[in-house]
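Visitor: Protein chains in written order, with the numbering used here: chain F, 6 to 397; chain H, 6 to 397; chain U, 6 to 397; chain W, 6 to 397.
Bear in mind the hints are in silico, worked out from the structure with no lab data behind them.
Every value quoted in this text rests on a predicted model; they were computed, and no experiment measured them.
There may be inaccurate statements among the hints.
Note: identical chains are not told apart, hence a pair may lie in one copy or across any two.
Derived pair list, reagent style EDC-like, types lysine to aspartate or glutamate, alpha-carbon separation capped at 16 Å [as the list claims (entries may be wrong)]:
1. K133 to D345
2. K380 to E105
3. K218 to D377
4. K56 to D178
5. K341 to D21
6. K380 to E50
7. K363 to E154
8. K362 to E268
9. K137 to D182
10. K363 to E268
11. K130 to E387
12. K224 to D178
13. K99 to E127
14. K80 to E127
15. K17 to D221
16. K276 to D394
17. K83 to E26
18. K33 to E338
19. K130 to E58
20. K342 to E20
Protein chains: 4
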Amino acid sequence: MKLWDKGYTLNKQVEDFTVGEDYLLDQKIVKYDCLASIAHVRMLEKIGLLKKEEVKKLVKELNNIITLHNKGEFKVLKEHEDCHTAIENHLTKKLGSLGEKIHTGRSRNDQVLTALRLYYKEELKNCKMLIKKFIKTLNVFIQEYGEIELPGYTHTRKAMPSSINLWGGAFMDSMKDNLKNIEFSLQLIDQSPLGTGAGYGIPMNIDREYVAKLLDFRKIQRNPLYTQNSRGKFESTILHTLTQIMFDINKIATDLILFSMPEFNYFELPKEFYTGSSIMPQKKNPDVLELLRAKYHIILSYEFQVKSLIGNLLSGYNRDLQLLKKSVIDGFEIVKKSLDIICLLFSHLEVNSKDCKKGLTTELYATHKVYDLVKKGVPFREAYREISDHYK
Amino acid sequence: MKLWDKGYTLNKQVEDFTVGEDYLLDQKIVKYDCLASIAHVRMLEKIGLLKKEEVKKLVKELNNIITLHNKGEFKVLKEHEDCHTAIENHLTKKLGSLGEKIHTGRSRNDQVLTALRLYYKEELKNCKMLIKKFIKTLNVFIQEYGEIELPGYTHTRKAMPSSINLWGGAFMDSMKDNLKNIEFSLQLIDQSPLGTGAGYGIPMNIDREYVAKLLDFRKIQRNPLYTQNSRGKFESTILHTLTQIMFDINKIATDLILFSMPEFNYFELPKEFYTGSSIMPQKKNPDVLELLRAKYHIILSYEFQVKSLIGNLLSGYNRDLQLLKKSVIDGFEIVKKSLDIICLLFSHLEVNSKDCKKGLTTELYATHKVYDLVKKGVPFREAYREISDHYK
Amino acid sequence: MKLWDKGYTLNKQVEDFTVGEDYLLDQKIVKYDCLASIAHVRMLEKIGLLKKEEVKKLVKELNNIITLHNKGEFKVLKEHEDCHTAIENHLTKKLGSLGEKIHTGRSRNDQVLTALRLYYKEELKNCKMLIKKFIKTLNVFIQEYGEIELPGYTHTRKAMPSSINLWGGAFMDSMKDNLKNIEFSLQLIDQSPLGTGAGYGIPMNIDREYVAKLLDFRKIQRNPLYTQNSRGKFESTILHTLTQIMFDINKIATDLILFSMPEFNYFELPKEFYTGSSIMPQKKNPDVLELLRAKYHIILSYEFQVKSLIGNLLSGYNRDLQLLKKSVIDGFEIVKKSLDIICLLFSHLEVNSKDCKKGLTTELYATHKVYDLVKKGVPFREAYREISDHYK
Amino acid sequence: MKLWDKGYTLNKQVEDFTVGEDYLLDQKIVKYDCLASIAHVRMLEKIGLLKKEEVKKLVKELNNIITLHNKGEFKVLKEHEDCHTAIENHLTKKLGSLGEKIHTGRSRNDQVLTALRLYYKEELKNCKMLIKKFIKTLNVFIQEYGEIELPGYTHTRKAMPSSINLWGGAFMDSMKDNLKNIEFSLQLIDQSPLGTGAGYGIPMNIDREYVAKLLDFRKIQRNPLYTQNSRGKFESTILHTLTQIMFDINKIATDLILFSMPEFNYFELPKEFYTGSSIMPQKKNPDVLELLRAKYHIILSYEFQVKSLIGNLLSGYNRDLQLLKKSVIDGFEIVKKSLDIICLLFSHLEVNSKDCKKGLTTELYATHKVYDLVKKGVPFREAYREISDHYK
């Protein structure tokens with residue numbers, strides 16, 4: 006039975022179309038919906054709508070669902086539409102009319118929002134951890150190879166001498182800025198939507214602050230319509246943050262694909278990281294790097310999807326917003342996997358000091374020669390022109 | 006065993022990452038790879054590399070795979086990487102060293118390309134059929150309601166009188182132009198890549214024309230490097246075509262969402278097409294229309310994904326291109342489902358002639374009044390100013 | 006005076022905002038609006054609404070505007086809003102109330118559409134010419150250097166031997182497919198919108214076929230609402246076509262940036278094509294190639310802009326659509342310039358046969374060795390494994 | 006003379022292509038480049054490379070350029086390439102060889118970056134001010150109309166009663182979150198790049214901290230390569246922030262376009278805000294709202310342009326990045342204008358309490374009826390089903 010069941014059946018084909026993949030995606034949400042429901046029933050107890058005994062039963066059964074879910078035994082079926090219905094149905098089946106009371110004081114709308122926010126918060130924290138791990142890995146890598154000098158490039162042309170310290174350090178700093186981005190996203194979305202109903206409030210007194218506190222939200226999102234209007238807005242900020250992370254990985258991959266070419270050979274990965282060709286027996290292909298590079302564009306398209314989809318929509322909930330879920334969930338999965346892989350790569354990446362040295366040809370030091378003249382008092386432009394004559 | 010197996014094992018985590026979802030997506034491709042392989046072995050027979058008896062065995066087993074696949078019994082596992090390996094492994098297991106000969110004269114690269122092109126061609130034809138069906142449905146709808154007049158809008162404001170004939174006819178014409186778009190895409194991609202190897206040809210004489218003819222390709226794609234460089238290019242043209250179709254559906258949905266509001270009530274769908282709310286018992290929500298509207302943005306993001314991903318890549322194959330597969334496959338699935346649903350909607354959509362008539366208020370006829378004056382010889386601008394005085 | 010003047014003044018700030026850059030962009034459109042107006046007045050003569058003598062005067066003055074425009078002397082001012090008002094105002098100033106008759110039988114809506122379509126058609130033909138010129142330039146380049154062999158790459162790794170014939174030929178074939186894309190776009194948009202008014206027709210008998218014939222349109226776009234609904238749709242097909250062209254240029258630039266690095270030196274451009282650095286005197290930077298590469302993303306963003314902007318809009322004209330103009334106009338300008346430059350580059354590009362030869366190292370021939378065994382009867386997979394042992 | 010002049014001339018056509026619009030865009034940057042140069046010469050004095058007297062002259066002339074620029078008399082010509090060259094040329098012309106010393110200790114690369122960052126910071130602050138002004142305007146609007154009740158919608162269908170307090174408050178809260186977004190962007194980019202050269206440092210001792218302090222940067226961006234790698238990354242964060250602002254404006258415009266339709270008439274703007282039609286004399290079109298709606302997609306395409314353009318690029322400067330400038334500059338201009346206009350609108354927007362009341366039909370109170378039962382002790386689901394029977 007659906008949460009909005011009215012005693013007649015939805016057209017089967019329409020139902021299939023509207024449910025889509027939600028029932029599958031919601032596997033990621035089950036836990037958070039149970040946690041939010043536990044807080045919700047405690048609040049209902051506080052305001053006198055549920056008795057202590059009832060709450061005990063509900064909480065026990067909600068925790069039971071989490072246990073079942075962790076064992077892979079809690080099913081969300083297509084006919085449930087989503088996990089929220091599956092959970093309420095489970096409760097009603099187990100606890101009878103007590104299960105029918107749990108939806109008091111909330112709408113599926115704020116219920117979904119709350120579960121998603123809890124999920125987002127946890128995943129953002131997971132990304133934070135993985136980035137910190139990557140920064141540590143980079144640090145170890147730099148400890149080992151940092152002193153090695155190699156050519157620095159601009160315009161894909163040799164420019165000035167660089168070093169592993171400089172190269173690796175650039176990504177460390179960039180990842181540190183990504184942490185700030187995550188921190189900001191976390192802070193932005195850390196607002197409890199529970200109790201805002203379908204965007205126009207709940208026609209009874211509930212204690213939103215209490216629920217928010219139980220769920221460890223920084224504050225409540227006071228305006229009920231804003232909770233709806235921020236759908237897509239918050240998701241797009243999360244995806245922007247994910248894009249930033251993937252951008253760095255895209256650049257690392259681009260650098261490594263080029264500079265691990267045998268023609269340069271500045272970097273090397275173990276052969277177990279390369280794949281082969283079905284026709285060319287000599288090939289060692291950096292597929293893993295190419296895919297890391299490509300995943301940036303996947304995440305970018307998710308961000309754009311969200312931002313395009315939410316345009317020109319009226320205030321308040323629109324079903325279009327349901328489709329946001331997949332991009333963010335898939336986005337988190339891709340970013341977490343990519344961070345895992347990039348850590349793995351850097352813990353195996355080697356720098357060939359010999360080939361790096363071979364790459365340090367004299368033209369890389371032309372700027373130094375200009376500055377040698379500057380130090381002797383020659384105006385910069387004059388010194389520049391003098392040295393540049395050597396390279397015509 | 007992988008097609009490029011060299012006797013050592015790929016790092017497990019790297020393998021998982023590079024394989025990704027390919028082994029799942031490839032369920033869509035199995036049939037086409039078998040058909041292409043059948044043509045390939047017939048060609049190998051023609052040029053004397055396989056004996057008649059060998060071809061017979063291979064063709065039989067390839068057809069057997071199609072049968073297994075149709076019954077859902079042909080598995081592509083993660084350790085296979087993709088369906089091409091799964092198929093070759095199956096052949097080798099069944100036919101011994103004969104299976105090892107089938108890869109002669111091709112690379113996995115042109116093999117994948119060929120299977121995908123065959124798949125694209127079939128799906129484009131499926132879309133064509135569904136559009137034709139929708140045009141017919143629109144025609145029936147117009148037969149029934151065409152004469153009904155209703156307000157025509159510009160700038161979301163009443164403009165001049167319109168009619169169901171005009172409104173429905175606009176989408177019929179638009180869908181007819183979509184058919185031309187499909188026709189063009191079909192013609193563009195109808196070039197056989199088989200025999201181009203990994204982009205640099207096959208170092209032996211093969212008969213590409215013969216394979217192309219067997220597979221019903223319009224011509225061969227002669228330049229082997231272009232077969233690789235057109236990856237993503239062809240996909241993006243297909244996705245552009247799908248975007249065009251979804252754009253029309255987006256507009257239909259936008260019109261219907263507004264004009265089926267009780268405030269207008271020009272259009273009506275049966276209640277079995279509306280979904281409800283978990284909190285507001287009166288609600289009849291047009292979720293199905295909102296999702297149709299939203300799917301335009303999903304397809305658009307797939308198109309953009311492909312076009313962003315293929316930028317700044319060197320000529321020849323790059324692994325990034327593997328990720329194109331999913332967007333096109335998902336794109337076709339969404340478009341086909343959306344066309345199905347929009348057909349269903351129009352075969353149930355009703356026009357409320359009474360409310361349409363009520364909407365035909367006098368200001369809609371202001372332009373007619375201008376032209377009444379024009380017909381009496383008043384210059385257009387003078388007539389316009391005279392009538393506009395009534396509406397200040 | 007505006008075309009819709011009603012005797013009161015628009016808020017100045019709102020006026021500035023709504024006019025935007027239209028009055029500047031419309032410099033591109035003046036000629037086409039005059040040509041369309043000439044056809045329109047001839048049609049008004051045919052149906053008896055204008056006298057021969059009147060038509061003569063109007064046509065003369067419209068041709069006069071084209072002459073003024075060609076000399077840079079026809080101004081479109083911000084207070085005109087757009088060129089259509091500027092032209093009508095000019096006519097009224099010169100010809101008095103005769104100028105007030107020209108708007109009979111049309112709306113600014115179909116007038117704008119017609120002028121734009123004529124402009125699009127001419128620009129698409131210009132692109133066609135430039136592509137043909139580039140194909141010829143490529144052909145001359147191949148005549149000179151085609152026989153030179155150089156390494157072919159997959160996964161940014163040496164794969165098999167390639168040649169300038171193969172490399173250049175890939176772009177010739179790709180550009181030929183682009184011509185087909187243009188041809189399709191041209192055919193799609195070659196429908197006369199004149200006479201459809203603001204999307205709901207003109208309440209009098211006009212001769213649309215006659216106007217279409219005079220303006221050399223393939224046919225009329227019969228359904229007035231579809232002329233409005235195809236706004237953005239047609240533009241997006243044009244921009245998709247432009248994206249395809251720029252994609253090829255992006256790939257050429259990507260190839261040349263890499264392979265003209267001194268580390269490879271397969272290709273070389275004259276020093277007059279390289280720019281320098283303000284600090285590093287030795288630098289010869291391929292800015293021109295980098296910008297060609299980057300412009301693909303600019304065009305792509307224009308395409309996406311159009312496709313995102315037109316979503317979720319009601320049937321019929323919406324002012325949002327006014328913003329389509331800039332993306333297409335800028336798009337054409339960028340593509341034409343890029344094609345010009347790429348022609349220039351290829352008429353100066355040199356291939357260093359010596360460095361190409363140096364690049365042809367033995368591993369490129371591993372596949373040939375496999376096929377040598379295959380020709381001796383060894384099954385392909387066995388031969389592959391044997392040769393691959395050499396490259397562990 | 007260009008900053009990298011080497012005594013030969015760049016191909017004219019290549020020069021035109023590479024310079025592009027930079028010399029025009031740089032009008033926005035002149036002031037910031039002068040301010041940065043003033044700080045730079047003071048630092049050169051501090052480390053003993055310039056004498057007090059020299060610094061005095063340079064500072065005076067740089068201030069003079071700002072004055073000229075403010076009067077519109079400082080020209081940046083195409084042959085200058087950009088404002089940086091125009092400024093150095095001006096100094097050399099006025100001060101002779103002293104002007105040739107100013108480039109000591111920096112590259113055009115970090116010079117451009119510094120000027121842009123200063124410009125970004127100022128524009129972000131301008132946006133902040135405009136948002137605060139809009140929040141105040143919203144507040145005044147709510148003071149006047151807040152108590153008025155009107156229907157709240159979900160799925161474009163009447164849902165529950167809303168109010169101007171709720172509706173306007175949602176945008177106030179959303180704009181407050183936008184302020185946080187701006188604050189974060191400001192903090193992120195507030196890192197001084199001056200002294201990082203072309204990404205690989207300056208081969209002499211300079212005092213980066215001192216320059217940063219003079220220019221009021223929060224800190225220096227220590228890693229020189231990261232200053233280059235953060236190009237595009239920082240711009241994309243800025244554009245994401247601008248997208249967020251425009252998203253709110255898009256939603257406001259969408260709401261107002263619908264609810265100011267005469268069919269609803271909840272909201273009303275003065276007639277001076279509406280534009281007319283060239284053919285339909287009765288029309289009052291909300292062009293200003295439609296353009297505000299559309300501008301969201303323009304900004305979104307700029308964001309995507311930046312994010313697509315920066316993918317797959319090697320570490321260090323690439324000329325592609327030059328094209329970032331236009332999107333950000335145009336982005337700021339559009340957002341500032343849109344905020345101005347939305348303020349203007351809300352200071353004239355009226356709410357029709359009569360029509361709002363008329364819209365408050367009984368079904369909006371269905372949820373309240375459910376809760377009346379809940380308060381009497383009926384379990385929520387049972388109450389819901391009882392009330393929903395009335396609306397079948």
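Visitor: For each hint, tell me whether it holds in the structure or not.
Guide: Against the structure, the hints:
1. K133 to D345: Result: close within a single copy only, 12 Å intra versus 38 Å inter.
2. K380 to E105: Between copies only: 14 Å across, 83 Å inside.
3. K218 to D377: For K218 and D377, neither the intra-copy (64 Å) nor the inter-copy (28 Å) Cα distance is at most 16 Å.
4. K56 to D178: The answer is neither: 54 Å in one copy and 36 Å across copies each exceed 16 Å.
5. K341 to D21: between (31 Å within a copy, 14 Å between copies)
6. K380 to E50: Classified as between; 14 Å across copies, 78 Å inside a copy.
7. K363 to E154: within (10 Å within a copy, 27 Å between copies)
8. K362 to E268: both (14 Å within a copy, 14 Å between copies)
9. K137 to D182: within (11 Å within a copy, 27 Å between copies)
10. K363 to E268: both (11 Å within a copy, 12 Å between copies)
11. K130 to E387: Neither. Shortest intra-copy (54 Å) and inter-copy (40 Å) distances fail the 16 Å Cα cut-off.
12. K224 to D178: Result: close only across copies, 13 Å inter versus 31 Å intra.
13. K99 to E127: Intra 29 Å, inter 49 Å, cutoff 16 Å: neither.
14. K80 to E127: neither (22 Å within a copy, 35 Å between copies)
15. K17 to D221: neither (40 Å within a copy, 38 Å between copies)
16. K276 to D394: between (45 Å within a copy, 14 Å between copies)
17. K83 to E26: within (8 Å within a copy, 22 Å between copies)
18. K33 to E338: Within one copy, since 11 Å is at most 16 Å while 24 Å is not.
19. K130 to E58: For K130 and E58, neither the intra-copy (35 Å) nor the inter-copy (55 Å) Cα distance is at most 16 Å.
20. K342 to E20: between (33 Å within a copy, 12 Å between copies)
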